[in-house]
Amino acid sequence: MTFKYSVTLPISGGNKLRRFREWAEENIPALSYSLPAETPIKTETMTIKLMSLQDRQRLLEAFARSSRL
Numbered sequence: 000m001t002f003k004y005s006v007t008l009p010i011s012g013g014n015k016l017r018r019f020r021e022w023a024e025e026n027i028p029a030l031s032y033s034l035p036a037e038t039p040i041k042t043e044t045m046t047i048k049l050m051s052l053q054d055r056q057r058l059l060e061a062f063a064r065s066s067r068l
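With numbering that gives the first Met the number 0, the residue at position 20 of the sequence shown is 19, and numbering never jumps.
By construction, these hints were calculated from the structure, which means they are not laboratory data. Glycine residues also receive a C-beta, built at the ideal position from the N, C-alpha and C atoms. Be a bit skeptical, because a hint or two may be false.
Claimed, not checked - No farther apart than 20 angstroms at their CA atoms in a straight line, the calculated lysine to aspartate or glutamate pairs in the EDC-like style are these:
no.	residue 1	residue 2
1	LYS48	GLU24
2	LYS3	ASP54
3	LYS48	GLU37
4	LYS3	GLU25
5	LYS48	GLU60
6	LYS48	GLU25
As the list claims (entries may be wrong) - Now the in silico label distances, taken between C-beta atoms and shown as ranges:
no.	residue 1	residue 2	range
7	ALA61	SER11	14 to 22 angstroms
8	GLY12	GLN53	17 to 25 angstroms
9	LEU59	GLU21	17 to 25 angstroms
10	GLY13	GLN53	13 to 21 angstroms
11	GLY13	LEU52	16 to 24 angstroms
Construct all of the structure, not just a fragment, from the sequences and the given hints.
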């Protein structure tokens, strides 16, 4: 699989990867994405790689509707 597109989301605190996976499963379960191997606790953002522009749009729309990540 090739993940050509990306989006950077604001997310702070610990367990970013686990929290994003749980959020994605609840809000956009059919989305194919790739996460970084790890993210430092101090960072305030996280970049998610996606397969298509449509996936990027779906993620951004779901993120805009959601109040939790």
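Here is how each hint holds up against the structure:
Between LYS48 and GLU24 the alpha-carbon distance is near 16 angstroms, which keeps this suggested pair within the 20 angstroms criterion. Restraint check: the Cα-Cα separation between LYS3 and ASP54 comes to about 11 angstroms, which is no more than 20 angstroms; the hinted pair holds. Between LYS48 and GLU37 the CA atoms are separated by roughly 14 angstroms; this keeps the pair inside 20 angstroms, and the hint holds. Distance check on the hinted pair: LYS3 and GLU25 sit about 24 angstroms apart at the alpha-carbon level, beyond 20 angstroms; violated.
The hinted pair formed by LYS48 and GLU60 meets the criterion: a straight-line CA distance of about 16 angstroms does not exceed 20 angstroms. A threshold of 20 angstroms between alpha carbons decides the hint, and for LYS48 with GLU25 the separation of about 18 angstroms falls inside it, so the pair holds. Between ALA61 and SER11 the beta carbon distance is about 19 angstroms. The supplied range of 14 to 22 angstroms therefore holds. Remark: the range hint 17 to 25 angstroms for GLY12 to GLN53 is contradicted by a beta-carbon distance near 29 angstroms.
For the pair LEU59 and GLU21, the beta carbons lie near 18 angstroms from each other, so the given range of 17 to 25 angstroms is met. Hint check: GLY13 to GLN53, Cβ distance near 31 angstroms, so the stated range 13 to 21 angstroms is violated. Between GLY13 and LEU52, the C-beta spacing of about 31 angstroms breaks the proposed range 16 to 24 angstroms.
Of the hints listed earlier, those the structure fails to meet are numbers 4, 8, 10 and 11, in rising order.
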